[in-house]
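So the protein sequences, as listed, match chains A, B, C and D.
Take the first sequence: its position 104, counted from the start at 1, is 104 in the UniProt record's numbering, and no numbers get skipped.
Take the second sequence: its position 236, counted from the start at 1, is 236 in the UniProt record's numbering, and no numbers get skipped.
Take the third sequence: its position 151, counted from the start at 1, is 151 in the UniProt record's numbering, and no numbers get skipped.
Take the fourth sequence: its position 244, counted from the start at 1, is 244 in the UniProt record's numbering, and no numbers get skipped.
A few of these clues could be false.
Each pair may be met inside one copy or between any two copies, as identical chains are not told apart.
Here are the computed lysine-lysine pairs in the PhoX-like style, where the Cα-Cα straight-line distance is at most 25 angstroms [stated by the list, open to error]:
(1) Lys167 with Lys78
(2) Lys276 with Lys247
(3) Lys5 with Lys17
(4) Lys207 with Lys281
(5) Lys247 with Lys5
(6) Lys247 with Lys283
(7) Lys167 with Lys91
To be clear, the hints were calculated from the coordinates, so they are not data collected in a lab.
4 protein chains.
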Amino acid sequence: MQANKNTAKLLLHCPDKPGIISAVTDFITINKGNIVYLDQYVDHIENIFFMRIEWELSDFLIPREKIEDYFDTLYAQKYEMNFRLYFSDVKPRMAIFVSKMSHCLFDMLARYANGEWNVEIPLIISNHPNLQHVADKFGIPFYLFPITKETKAEQEAKEMELLAKHKVNFIVLARYMQVISENMINSYPNRIINIHHSFLPAFVGAKPYHAAFERGVKIIGATSHYVTTELDAGPILEQDVVRITHKDTVEDLVNKGKDLEKIVLSRAVQKHIERKVLAYKNKTVIFS
Amino acid sequence: MQANKNTAKLLLHCPDKPGIISAVTDFITINKGNIVYLDQYVDHIENIFFMRIEWELSDFLIPREKIEDYFDTLYAQKYEMNFRLYFSDVKPRMAIFVSKMSHCLFDMLARYANGEWNVEIPLIISNHPNLQHVADKFGIPFYLFPITKETKAEQEAKEMELLAKHKVNFIVLARYMQVISENMINSYPNRIINIHHSFLPAFVGAKPYHAAFERGVKIIGATSHYVTTELDAGPILEQDVVRITHKDTVEDLVNKGKDLEKIVLSRAVQKHIERKVLAYKNKTVIFS
Amino acid sequence: MQANKNTAKLLLHCPDKPGIISAVTDFITINKGNIVYLDQYVDHIENIFFMRIEWELSDFLIPREKIEDYFDTLYAQKYEMNFRLYFSDVKPRMAIFVSKMSHCLFDMLARYANGEWNVEIPLIISNHPNLQHVADKFGIPFYLFPITKETKAEQEAKEMELLAKHKVNFIVLARYMQVISENMINSYPNRIINIHHSFLPAFVGAKPYHAAFERGVKIIGATSHYVTTELDAGPILEQDVVRITHKDTVEDLVNKGKDLEKIVLSRAVQKHIERKVLAYKNKTVIFS
Amino acid sequence: MQANKNTAKLLLHCPDKPGIISAVTDFITINKGNIVYLDQYVDHIENIFFMRIEWELSDFLIPREKIEDYFDTLYAQKYEMNFRLYFSDVKPRMAIFVSKMSHCLFDMLARYANGEWNVEIPLIISNHPNLQHVADKFGIPFYLFPITKETKAEQEAKEMELLAKHKVNFIVLARYMQVISENMINSYPNRIINIHHSFLPAFVGAKPYHAAFERGVKIIGATSHYVTTELDAGPILEQDVVRITHKDTVEDLVNKGKDLEKIVLSRAVQKHIERKVLAYKNKTVIFS
Chain A
1 MQANKNTAKL LLHCPDKPGI ISAVTDFITI NKGNIVYLDQ YVDHIENIFF MRIEWELSDF
61 LIPREKIEDY FDTLYAQKYE MNFRLYFSDV KPRMAIFVSK MSHCLFDMLA RYANGEWNVE
121 IPLIISNHPN LQHVADKFGI PFYLFPITKE TKAEQEAKEM ELLAKHKVNF IVLARYMQVI
181 SENMINSYPN RIINIHHSFL PAFVGAKPYH AAFERGVKII GATSHYVTTE LDAGPILEQD
241 VVRITHKDTV EDLVNKGKDL EKIVLSRAVQ KHIERKVLAY KNKTVIFS
Chain B
1 MQANKNTAKL LLHCPDKPGI ISAVTDFITI NKGNIVYLDQ YVDHIENIFF MRIEWELSDF
61 LIPREKIEDY FDTLYAQKYE MNFRLYFSDV KPRMAIFVSK MSHCLFDMLA RYANGEWNVE
121 IPLIISNHPN LQHVADKFGI PFYLFPITKE TKAEQEAKEM ELLAKHKVNF IVLARYMQVI
181 SENMINSYPN RIINIHHSFL PAFVGAKPYH AAFERGVKII GATSHYVTTE LDAGPILEQD
241 VVRITHKDTV EDLVNKGKDL EKIVLSRAVQ KHIERKVLAY KNKTVIFS
Chain C
1 MQANKNTAKL LLHCPDKPGI ISAVTDFITI NKGNIVYLDQ YVDHIENIFF MRIEWELSDF
61 LIPREKIEDY FDTLYAQKYE MNFRLYFSDV KPRMAIFVSK MSHCLFDMLA RYANGEWNVE
121 IPLIISNHPN LQHVADKFGI PFYLFPITKE TKAEQEAKEM ELLAKHKVNF IVLARYMQVI
181 SENMINSYPN RIINIHHSFL PAFVGAKPYH AAFERGVKII GATSHYVTTE LDAGPILEQD
241 VVRITHKDTV EDLVNKGKDL EKIVLSRAVQ KHIERKVLAY KNKTVIFS
Chain D
1 MQANKNTAKL LLHCPDKPGI ISAVTDFITI NKGNIVYLDQ YVDHIENIFF MRIEWELSDF
61 LIPREKIEDY FDTLYAQKYE MNFRLYFSDV KPRMAIFVSK MSHCLFDMLA RYANGEWNVE
121 IPLIISNHPN LQHVADKFGI PFYLFPITKE TKAEQEAKEM ELLAKHKVNF IVLARYMQVI
181 SENMINSYPN RIINIHHSFL PAFVGAKPYH AAFERGVKII GATSHYVTTE LDAGPILEQD
241 VVRITHKDTV EDLVNKGKDL EKIVLSRAVQ KHIERKVLAY KNKTVIFS
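Extracted from the complex, chain A is given alone in its bound form:
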């Protein structure tokens, strides 16, 4: 029975104290849950304990709809925990925002078509019509919202309605060339993932490859981060780099950068989907 393999995933953080791991593992073990994953980390500067634990639900004594309540009552309050509970058979729903460049979109949709990601992608939103054909290839609804200064607030309101209607849990900005307004960002805290085409915090803002070329760096990078109201300054999920030389033109950087961007973004999205990211203040704990 495939259902037997369903798991619960618990992510939590709280002030560090002795006995938390024991308490949480006891809770699961006593109730006949088989732990299949445990990773924890203590930030000794902030004195915060972080944990991710996953267990099989097949023989678990607590009905799944009551786990959250029980855990809250029995442990979370006592330890002042901030926690979230997920079930492996509930797929998060992800919207992709794009503009004109297709490489990140293709990379994610190829994984999706291949069943690699435990996610639903109910829609793609764009401010340009260029990538309609990509959405069509994969049979995913494509919504066009052209944006000007004047129409931005109005268009974003419509986008948010659409996202709500499609029960979207998180948003991926796949080289979406528009700054998201504060209102939308605040509606999806640590749930909007961006890819920035530089090794942040170097080259914040527009045209980072041009800036990298001008500076004469020997390595370029890409950074995936959660979007906050400060531009390119949110918690970083993943970064990677590639070596360049003086022979590389700006166009070469753009092309080498594309492969970086798509891989870095997809790794970040995958970690998010697997519930392996815990953002705390302006940093992330990435569980293994």
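Please build the complex by placing chains B, C and D on the supplied structure of chain A, with the hints as guidance.
Structure of chains B, C and D alone, referenced to chain A:
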């Protein structure tokens, strides 16, 4: 006869035009020079041609002391070339400036002791006494110049006298924790090599590992560059990076960074010693 | 006029002698060709000179259909050159062979759909029906040739007919899980590009991720090479690696490896398309 | 009081069962130990649980000389644990074996001189006199044991006496160009660390850089592993790689490889010193 293996190394740049490679290779070939290295590059934006060529001197018809003059008269003026000529049997003389951290110093002196670098190191200069013992281990004179705001100008003047006396050609700042003043920088244009413990232009200035930790980056780096009067902004010679995680403390970054710093600095110094660097405007051409 | 930008690309190798660069650049310059690319390399052990040169054809005095003949008569014979001439406006025609895994296929077709590669892909050939849907998404004819020991010779003969009919210049094995027979390999010398899912020469043959897991390596790799009659032993075009830990299962290796494989294969194919690869004996010169 | 910071480090593995983490953390917490590190891992294929835990001893209720006994009685037998206990104030004693190449030796001694490693290095052993001068620079006794086929057994016997006399806990082969005989290997199980100058399992045995050059690989590597009786086949501690090109000669590979070798070896030795390695069968668990 070992002398047969002596080579001349010519580095040049000039406005790009047809026929430069032919002209230069003809000059060498006609005069019975055996070319053992040729690398060239055209910057199509600036329209500048860069070249490094090396040939064996054993049968070369032009006496070595006249090569520069002949080349200048016959070619350099015609093509508006900026060129430099070096001989493999003339070792450049390098001074090392240090403060308290030994890792870069040890790494360079180990290579020197092992005969890996075609260089002379007549002296080490420091603003702190801490690394005298390292200099002593390798038998290299160590000069102490403590520096305060008040004594800086005076001490640097003495340092420059000492450098002149030792016929120093270039300076390596091996985690030297003092900003070099403009006067000294201008005396050694593109001949002072620094190692900065970040992936520039991210985290310019003091305490980059602390800044990297605060920002929550997933990769840290090190950058070796020529020193110019603008802090950490000179032409970059070499960069490299290493992956970190949320588990790494500032101390971990410092420790992981040490290996990066020493390798990046040594690679940069080696390229400089081998005459494989051509700085142009604020960037470098690094020949292969 | 876009036609003005058309270029000729000449790749050659020959015994090293003085004067070859001069001769070749003179040939182009005298005939009013504007050189836009030159890279050369001397293998001092084999004493072979390798060169890639590219020039604009707009004002070139020799008609393009006669360049090969002239160059052969004037230079190639004198210097015992082995050379090939390509024109930028003649797109090479590439066939993709697949089996069941889609990641490499998707990656290449995404680049193709996006116009990143100067290539034609007239057909996809497979021994399994699984990836028909990918070919359909991109509108590329998909031909199914199931292969058993008994039918192999016969099916490959049909494949070769089809390749000839479509004027295919080179073949990419995108995780094609069949050994190509000698006859087909010899028909496409250094024109069949494979991706092997290990850091060759480690883990030749089947199931390299399982072997890597068993051996307990800390890094896995992927290798793209030209196919020769010896399994996984042909000239290597490109390799890359990714770090793993003891926590990674075989499935994790397979998943991490997918991203490696697709990027390594695509880089290799791109170099081949750009005519930047010169295979010599069992190695490759990759021009910058 | 600095003594307060002393810690105990417990490494263990046993068949995986529910409740082990609870049991171990309870043992420490109940006895007033402050846990400063915990990392664990389950090998679900072998069904083995691995753990490293570290706690401060200042208020620990069990006297340090009795911890091992208590833990064994109370937990280890019950859970069939294989465990080792270390104290942070007991420095392991390390012997270095060298032959003629100095780069790895210099790198380790620089760290040692700088106080970076919590280790004692009472002696250096060599089969060649070449590196006496390096040992002298750092004031470490250097013992010369020339080895021929005929004298090997006898010389190794003397070496082992010397190692015993100096209470050596583990041995580092820093480019020691002699195969260690079975007898010595069995006396130091998983306590002889070697650096092999290739990306194992590629290029086992002698002259790996020559083999890499012949094969035309695009990346070279280095591997640090525990020595077992099968050549270059023991549990791998650390690997790293560097990119090369067709332009690199064998000498270039040797030089680029040196930096790799010393960094890879030093990382491996550091992990070993920090008690972060647990070898199991032919693989290692490397704690974070």
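State the violated hints by number, sorted upward, taking the hints as numbered earlier in the document. 1
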